[in-house]
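Chains D and Z, in that order, are what the protein sequence lines are.
Per the numbering used here, residue 1 is the first one in the first sequence, and the count goes up by one each step.
Per the numbering used here, residue 454 is the first one in the second sequence, and the count goes up by one each step.
If you are wondering where the hints come from, they were derived from the structure by calculation, not from laboratory data.
For glycine and all other residues, C-beta sits at the position ideal for the given N, C-alpha and C.
Mixed in with the good hints, there may be bad ones.
Said to hold, decoys possible - With a straight-line cut-off of 25 Å between C-alpha atoms, the simulated PhoX-like cross-links for lysine-lysine are:
{"id": "1", "chain 1": "Z", "residue 1": "K609", "chain 2": "D", "residue 2": "K122"}
{"id": "2", "chain 1": "Z", "residue 1": "K511", "chain 2": "D", "residue 2": "K140"}
{"id": "3", "chain 1": "Z", "residue 1": "K766", "chain 2": "D", "residue 2": "K372"}
{"id": "4", "chain 1": "D", "residue 1": "K140", "chain 2": "Z", "residue 2": "K525"}
{"id": "5", "chain 1": "Z", "residue 1": "K609", "chain 2": "D", "residue 2": "K434"}
{"id": "6", "chain 1": "Z", "residue 1": "K508", "chain 2": "D", "residue 2": "K128"}
{"id": "7", "chain 1": "D", "residue 1": "K134", "chain 2": "Z", "residue 2": "K609"}
{"id": "8", "chain 1": "D", "residue 1": "K366", "chain 2": "Z", "residue 2": "K488"}
{"id": "9", "chain 1": "D", "residue 1": "K239", "chain 2": "D", "residue 2": "K263"}
{"id": "10", "chain 1": "Z", "residue 1": "K687", "chain 2": "Z", "residue 2": "K497"}
Said to hold, decoys possible - Beyond 10 Å from chain D on every Cβ pair, some chain Z residues (computed):
{"id": "11", "residue": "N474"}
{"id": "12", "residue": "R492"}
{"id": "13", "residue": "E510"}
{"id": "14", "residue": "N560"}
{"id": "15", "residue": "I669"}
{"id": "16", "residue": "K689"}
To be verified - Looking from chain Z toward chain D, a few residues come up when the C-beta cut is under 8 Å (computed):
{"id": "17", "residue": "Y482"}
{"id": "18", "residue": "A484"}
{"id": "19", "residue": "V550"}
{"id": "20", "residue": "E604"}
{"id": "21", "residue": "G757"}
{"id": "22", "residue": "G792"}
{"id": "23", "residue": "P803"}
{"id": "24", "residue": "W806"}
{"id": "25", "residue": "E812"}
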Amino acid sequence: MAKVEKRILNRVEGEVELKLVWEKGRIKDAFIIAPNFRGFEFILENKPLLDALVITPRVCGICGHAHLIATTNALENLYRENGYEIEVSQKAQLIRNITLSCEIIQNHIRWFYLFVIPDFLKFNTDLKDFYPIKGEKWRKAVYYSSKIVKIIAIFGGQWPHTSYSIPGGVMCEPTQMELMEAISIVDNVLEYFENDVIGMNIDDYFSIKFLEEFLEKSKGDLKKIIEEAIKLGFSDIGKAYDRFLTVCNVSPFISQGVTRRKKCNFDVSKVEEIETFSFLENGKSKFSKGKYSWAKAPRYEGKPFETGPLARRINNEDELFINLTKNFKGYYIPRIWARVDEIGKILVAIKKYLLNINLNEPSYIKPKVDIKNLEGQAYGFCEAARGSLIHKVIAKEGKIEKYDIITPTVWNLGTRCKNYLSPAEKAIIGLSDKLKAEMVVRSFDVCSVCTTH
Amino acid sequence: MQFFSREHLRSVFTKPTNYINTNRGEAYYKALYEKMRKRLDELKAMSPVREADIKFEKMLDMWELSRRDFLKWVSATTALLMLPPNFEPLVAEAAEVMNRVPVIWINIQDCDGNSEALLRSSAPTVDELILEYLSLEYHETLMAAAGDQAEEALEKAVHDFKGKYLLFVEGSIPVGMPEAFTIGRHPETGVERVQRLAKDAAAVIAVGACAAFGGIPAAYPNPTGAVGVMDVVKGKPIVNIPACPANPTNMVGVIMHYVLTGELPELDSLLRPKFAFGYRIHDNCERRAHFDAGEFVEEWGDEGAKNNFCLYKMGCKGPFTFNNCSIVRYNDGTNWPIGIGRGCIGCSEPDFWDKYATERPLAASNIRPPGLNGVESTVDQVGLGILTATVIGIGAHAVASLVAGKKSDENNQ
């Protein structure tokens, strides 16, 4: 007889509940429930187009900046869709990249140390340094993930909920001093990443292609956790579908694409959102039987896809990670590693961006037409901390007629559709331990506030 | 109430409730000192909520903060609370006995942004340290416990500290659509959860624009019928610390005041502590001199923007917004929106999403800044200036938001 168990998942962004159906000591079916809903898409309707720039960042307190960038892109694309050219200086583009990257780093550091590692403490009490609040490693993580957001404050004024980017550029006029300050912060965080997280020189780390090579050379926290995870039997759990989705190119380490067996280009017209199991249907709330979450179910060509750092690594055809997916039957470990790996890649990229800013360029180039004259539909894309973010805006008479947000977490943690479970639901089917099931769900970097918005 | 009506604008510019008296005379401060002394002695006699907790000194040490850093923080906090310098020793002592006050922090319809702001402004400051040193009995994101264990911890804290704990609420409460927030093994709606936990609290502190006034979920058309804490909790002392996100400095200010006096700080008509929300952004803005001189940014990226001119014409709502961002700033004092050239959106005012946050409405027409009349007298006059201006020529943009605002008013009624 199947037993149904409901668990609240804490230590994630927002609130998530797991409904697990047990049979013969294994999870037979799993529902991920996002019980919190605010209705952003409805609030955006009928508001002036530029208002979206201050409203969408409020979707999430931790990846709000990604929403700002996606909205900016969507509005700039709206100009293009209307046949107007829109110019953005390289300086403005670089500044946007920098602030977005900093947000990703702060998220990854904090996710690894504050959300993932505390679970390992339940198995192994030797990891005293990692203990919340009291452990030195925990405090260091908070310190550095806080330090990096200072760069966002330098360019964007505040974090969280930054709103400084507009179609045509950015609002800030940084000085050389501010650039220097930002560079010194990046250097400082990079040093921490080398010494503590990967425990080796970053160039050496980038040359690594195999698991054994890493375990041999590294002395960092990442290695410690990976070894611990292998010891605890995480090598073959946590696999979702072997399908990965990335929507943006971020030079030099992220390239867009859709991989299942082989890689093809991403085409937004193949994305659809299925509402069968969501409380939201056709823009109305419905609580009929079978519906269980506020999240929808985005599908690409009708199939569920996993998005996030692991997807970005696979779509970038990163040798190390392609090897890792062969080493490990389950993707729990590669998923965690990919997120930590990204910190290093992004830090190196930020420094390059900072050094390439030409302060003589304009921050803002006024679009030739007033935004009130734009009509029609446009998409905005962004690679956020948790994966691929898609915004879609439909404009009419200078106002928002409809706004649609597909967050990374709704790809990973949304509801099922008739034929497929969501990737995270799929990943915990068959497990026999509820703590491990929770850990696998956390490996997707849960954020319920984004999932439902 | 019509937002653009003469009466409303006049009330905004001459709000009497926000008058703060920064010098109340010797007798007042002497009595206050005595009172705080007594309160601190009482607290000291009590034992910490959890016996095993670390000493404050050691905590400073762990974070590599010196006594000097701490003293700097003490002076700043004393000034923040508008107390004379001779209160500094009391503030320092209060910080050390903060683990006598149990705190429960719950999230309803939120984005976790206020917890984030609290956890990491930029580098761990004494402010954040204090929040950690507090006896935080429940916080769903920060705590190590998870699932049922966490819920048990919450129930135990409510039981053990009945009538003593401070309840922090983050996020609005969906009254119109209770299904928009449910939590727990025996599902509880947002209203039930807040009311149940508030019942045994010493006071309720609504953190962020959503918890204070409904914030963004309550923006037109308010799909979930969201409201702030004060609309749901009755018969309890409530403090609102609005802004999006709320400034951690102000959260600490309220707690410090509670530790020092056992009471909540003086509040304005919207239940915001006067020490933080007693002035307009405009009053202490670093770009104020440019306003008075009539120097404005006319377009993003123009010469004015490069020279940090006033952002009023770009839609800055600083003259309408009561908050202390211009003094305490964000991310450990690193910067604030106006600092990088992005005007204020009025995030500490009720209904700001419909009335303030739109790009330019209130500043959409030319105003004539009364440069010669001295700094303090200008505010009201500028107000009258805008008043005539808004009546004559607001763009389609403004009209649109005006309609949105009106509708939400009707909706709320």
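Quiz prompt | Index of numbered hints that the structure contradicts, given in increasing order | solution = Structure breaks hints 8, 10, 14, 15, 17, 18, 19, 21 and 23.
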